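Student: The chain contents come next:
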Amino acid sequence: MNAAPRKLNLSAWDDRYEQLRRNSLREPAYGGPLRRHVEREKDFRLEQLHFDNSSAALRLWNFLLTENERLRQARASGEKIVGAMKDLGTVPVMAYSLPGVRAFYPDGAWWTPCLMECSDNLLQQAEAMGIDASFCPVRAMLPAFENGEHFPKPDLLVCSTGAVCDDFSAIAQRLEHLGHSIFWWEMPRRRPPVSGETACELPGNLSAPKIQVDCVRMELQRVGKALGELAGKKLDETLLADGIRVANRVRHLLAELRQTVYAAPAAPLPALEMLVAEMLAIHFCSDRKETVAVLEELLAEAQSRVRQNQFVVGADAARIFWVNPVADLRAMNLLEDFGGRICGTDFMFTHALDLIPENLPPLEALARAALADPMVGPTADRAARIVRECRAVRAGAVVISRIPGASHCAREGEIIREIVRQQLDIPTIEFEIPPVCDALLPTLGSRLQALMEMLKAKTQN
Amino acid sequence: MRVFLTSPWIPEEWIRAHGLEPRGIWSAEEFRRGALPLSAGLCAFAEAAVRFAGAQTDSAVIFTTSCDQLRRGFDAATLHGQRRAFLFNLPATQTPVAKQIYRADLERLGQFLLELGGSAPRPEILRREMLQADEARRRLHEAAPVPAENQVPLALVGGPLSAVDRNLFNAIATAGGCVALNATESGERSLCPAFDLNACGDPFDALVTGYFENIVDVFQRPNTRLYSWLKPRLLSRRARGIVLWHFTGCDLWRAEAQTLREVFNLPVLLLEADETAGISPRDVNRLQAFVETLK
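Top to bottom, those sequences are chains S and Z.
Under our numbering, the first residue of the first sequence carries the number 3, and numbering increases by one thereafter.
Under our numbering, the first residue of the second sequence carries the number 155, and numbering increases by one thereafter.
These are calculated hints, taken from the structure and not from any lab test.
The structure presented is a predicted model; accordingly, all values stated were derived computationally and were not measured.
All C-beta atoms, glycine included, are put in the ideal place defined by N, C-alpha and C.
Hints should not be assumed to be uniformly reliable.
[Said to hold, decoys possible] Here are some, though not all, of the chain S residues that point toward chain Z, as calculated from beta-carbon distances under 7 Å:
id: 1; residue: 135
id: 2; residue: 137
id: 3; residue: 178
id: 4; residue: 179
id: 5; residue: 182
id: 6; residue: 186
id: 7; residue: 191
id: 8; residue: 194
id: 9; residue: 221
id: 10; residue: 223
For reference, chain Z alone in the conformation it holds in the complex (with noise of 0.2 Å):
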């Protein structure tokens, strides 16, 4: 069974050692495919994820607690007798009580994934898909992307990118830039989990903390995690400006626009995402005037 997950901080691990298909619902062919009528604030993507797990006949839909829209995306979700779906909840803060309460959901995760058939994780087979995702992630470490010579570079920063939203790095190429760092929700920044599997004698406990301690993320409070970890790399990667990728209604990422122009000094330019899937001509235009100014 495929288990589609909304935040990268859910461990895909975990769903693997169940026996059971974890995958990115922002990577499904079928995700935000046509557009959505929304009704005012509505964030596009947590309608998506509603609409996407309604959908669902032999699949479930992990929502999680770190925005306002998923949270009470879950709430429609379920609203109409969907037991395919689970809420989980992601800490805001980085304190003991958040870990444990990280710890205690996964633990109920697992007890929803049995429910839905899956099988009950052994130490050892969780370790290897600990390390067989650690392994994935230090492979995708290395193929960041170089920017050509005449090409600008620029960081693409926000939310989930989805499957129809890939023509956005065209557009960009087309403009004249290149994103040498992918720091959305489903980039780089998603590749932050890491397990000290020797310091831990328990599996579970090293991918308790090797997730919680390494969530890079703008609804953490406070948020400087997100700072810390954009800092260096938007430096090594010389980057010239920002693309902060957001969707209608997600307070969260646009309150950071001013905060990342003020902490990094780079223009940042906002491309909303909203009902209509896909990059719109406004913003490719939008992206050219960022991009030309910028050379």
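The following block holds chain S by itself, in its conformation from the complex (with noise of 0.2 Å):
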């Protein structure tokens, strides 16, 4: 059943999935080769990128590209469905702790045009809508809650406001226009605290004054009392408690699942698999138990490869940190075809991957761990964190990935560049990814090529 760790294309998979198969791979229930998803959901992109071809990414995969299935079919079977916007990260660590509830991002929708290689039009459509191509390819998600084809229509929708990406914002708003009602609520741009208010650390090495902490946490109480009226059951501080245990398993998880595999001598897993688990801490993928089953044998499959020293990617690839998620999947394939390796990343949601405080009153420690969101506070609060990461895993070059259109990316690639060169004198690159770049892959290619150059010549200096 095992093989060399080696990434596969979808074709090479159909055989590998065989091979598995003979050997008697167990799957869960929503497991199957990934060749179905190109056949039944038009995720063309699958054929154009590399898998690994270990049993836990075929899960991994096969998790995330059923989601939209599971979602229908936890509908289909009562269960209350809630639509979390924007936050990435808090409010599904309080809905799942309600029993009967699962959220998921309709923000997911940004890669579905990626995925079904933009076939289903859905960026066509939020024009006609009005939202055009000057929007961030989220604006997906707009004719995807019209046309009700991908995910189902949530009971609830939440989501958070005041310090969060205009795009974003917009097109919410533009949906509440279309019908869909939105309980929104308020995110303050973080700030440290001054002289005289008292300080509250947060997680990420980050503090806010408690006046900041307060009213979040006052604004999540509110989220959480519609999501026990929707639950039918009031959300207290033990089910909330033990949501948070739940949730900070999963990060727990996330976080040995990084050390392993970025502080490695080489890449045990490729970097598009480690994109996909580390989206799992948002919202777990809309299921909270088989989150933990996944990224425990992912993280098992990691350890193993390093233990016996195999590697997907070598130790000759250049060590980059990668900022900002990736609008098409395949550029994640690219910076290890140029000879780069993934050792650190800041996907935007770094605060979903912190620990949630587990010595605070549980209101308390969700509102510390939103607040800790790299895009509600100060631009250099994330670049600090960019350094310090860089720092400690010794990385050659920092990456940033621009969003079209994205409001935020217009600025703060420009202020994180600058404080990366200054206090770790490491280059750094920008550039934009669109849903599928096709077409930008001589550009994007020969981008990263003369970085991979340029570190590989410093290195042997």
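Bring the two chains, given one by one in their own frames, into a single complex with the hints.
Tutor: Right under this line is the structure:
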């Protein structure tokens, strides 16, 4: 059953799947060959990707690609569905604390144009609905809500607002104008405490004044009340504390996985699978229990490979710290194709990776975790964490992938790069990755190639 | 000392009560002068505010959190040690918590103004400033333009209009239109704050309530207040079209174009302000075509 770690294209995975089956592969209910996602869901992009060849990776991909189907099954079995929007990691912890409630991020529809290679015309439909290409690809969410062909219509839509991305806020507002009622909650822009203010420690080595933590706690209390009403059960401290413990189990696993993969002398798992694994932290891919199982298997695979000195990317690959999620998953393959490997990431939700404090009242702990969101605080805070992590993992360069049309990208990449250059003296590069980057492959490739060549020359000198 | 505000929702009365001189940054003559080299997606207004703040040696600039671009513009402005910049947290919602955030940030702004050399605001001074501002707003309300018979009444809706963009009014007039409603951030919409000094014993309470409960802007969530404010005015001014003025990269306004069309059943012309200050010949041409279709 075990094969040397390597990356396979979809055709090679067809054979690999048969081989695994012959060797008594045990799969969860959502299991099956990856090919079926192309045939049934029109996830054509899979044909252009290279995947890790482990059964753990197969399970991860099947888990990711069956999310909408699993949500529909949950709805059919009477569960309540919450559409959490924008906060990336907080509201789902609350929702999953309640029995019979599942939360997902409609924001995740931003990957649909990539997966379906725009064959579903979601971006064109968004344009017809008044949200054109000057907005981030998360605009795909708008027609997905309207046509109901992707995720089920949530029973409750909860969206954080205030210090959030304008694209998302504007698109969510458009959604509300189109008749989808939204429960808005305020997220203040995080700032450091000033003299005379009580400071509260936040996850991620951050701090905020108590007044901000109190405000977010009160807002989350409102959210909790709405969730409780939906579930027909009060979201009390005991339930929430249990929910936080399970969320932390996921975060512990991810921390261990990141440490195992990023600190290893070479990469035991590819960048693409790591991106998908990290995404599980934000809403457990609509199944909290299964997320734990998927991550446990992935971690076991990574640890086993490290023990056996088996890697998918060699030790000579340049160590890259990657900033921002990529609109096209293929970009993660591309980095490795050109001689790089991921040794650290900030996919815009580092607060969903940090442990939620368990020594505080649960709502207070969640408020602190929510305020640690890298996107609601000063860009310098985000850059400071990137610098800290780059030092810890000995990153050779920082790659910032811009999200097309995203209002925050216009400025923050520039600030992050300046701070990284000042404090680390390592090269940084920034480029935009559209949902399907094929047309830009020559440009992206040559930019990455130039970076890798420079890093290799630096190492040799 | 002059204190430049990037939003009309920061009470100028509060600055005056500290003995300092508030100014809308959009009204500064040197603001957005000349072409700004902009990287992709950057808002020209936010970039101009960053550069303006960087050039100030004896004035302060107050940024707000109302949009991504200004919020991160503040990050850029302070990256190199500019101390005379302040980021005011303007909440998007209208909940009690949001009001608390607004109030707390006004207090924090007060501290900042004291550090700048301002004087501690005495309640009677604040009350006087509020009464004067109320009176000024009342007079400005009365000065709403009345279109001539042969002019097409238009509503100008959108973000801030800076001094260099004022020729937009001439361009509209030349095209045969008239701005019957100036609902830009620096126009009539910014005159909404109103105080009930009798109901609130403490003028600061009245200031907080008078502003917070009367903010009418696109960044609010939900932004129903903006639509409720526009509706009677578009009707009473007989607006036949909407000119939507927005800066490049301003998602908040740009996303409203379709909703404005749907809600008010009026044609909407988008005019995009970019790195070049003022109205471009292309914009003039578009305005002319727009007005012509409405005649």
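Student: Quick one, is the residue 182 of chain S hint okay against chain Z at 7 Å, beta carbons?
Tutor: 11 Å, violated
Student: Should the hint that residue 194 of chain S touches chain Z count as held when the rule is a Cβ pair under 7 Å?
Tutor: Nearest chain Z Cβ about 11 Å off; hint violated.
Student: Go through the hint on residue 137 of chain S and say holds or violated, using the shortest Cβ distance to chain Z against 7 Å.
Tutor: 6 Å, holds
Student: Quick one, is the residue 191 of chain S hint okay against chain Z at 7 Å, beta carbons?
Tutor: 4 Å, holds
Student: Let's test the interface hint: is any C-beta of chain Z closer than 7 Å to that of residue 179 of chain S?
Tutor: With a closest approach of 5 Å, the residue 179 of chain S hint holds.
Student: Using the nearest Cβ pair, does residue 223 of chain S come within less than 7 Å of chain Z?
Tutor: 9 Å, violated
Student: Verify the interface restraint on residue 178 of chain S: the C-beta must sit less than 7 Å from at least one C-beta of chain Z.
Tutor: 6 Å, holds
Student: Given residue 221 of chain S as an interface hint, is its Cβ closer than 7 Å to any Cβ of chain Z?
Tutor: Because about 5 Å separates residue 221 of chain S from the closest Cβ in chain Z, which is inside the 7 Å limit, the hint holds.
Student: Tell me if the interface restraint on residue 135 of chain S is satisfied: Cβ within less than 7 Å of some Cβ in chain Z.
Tutor: 11 Å, violated
Student: Does residue 186 of chain S pass the interface check with chain Z, least Cβ-Cβ distance below 7 Å?
Tutor: Holds: closest Cβ of chain Z sits about 4 Å from residue 186 of chain S, inside 7 Å.
Hint compliance for this structure: hints 1, 5, 8 and 10 are broken, all remaining hints hold.
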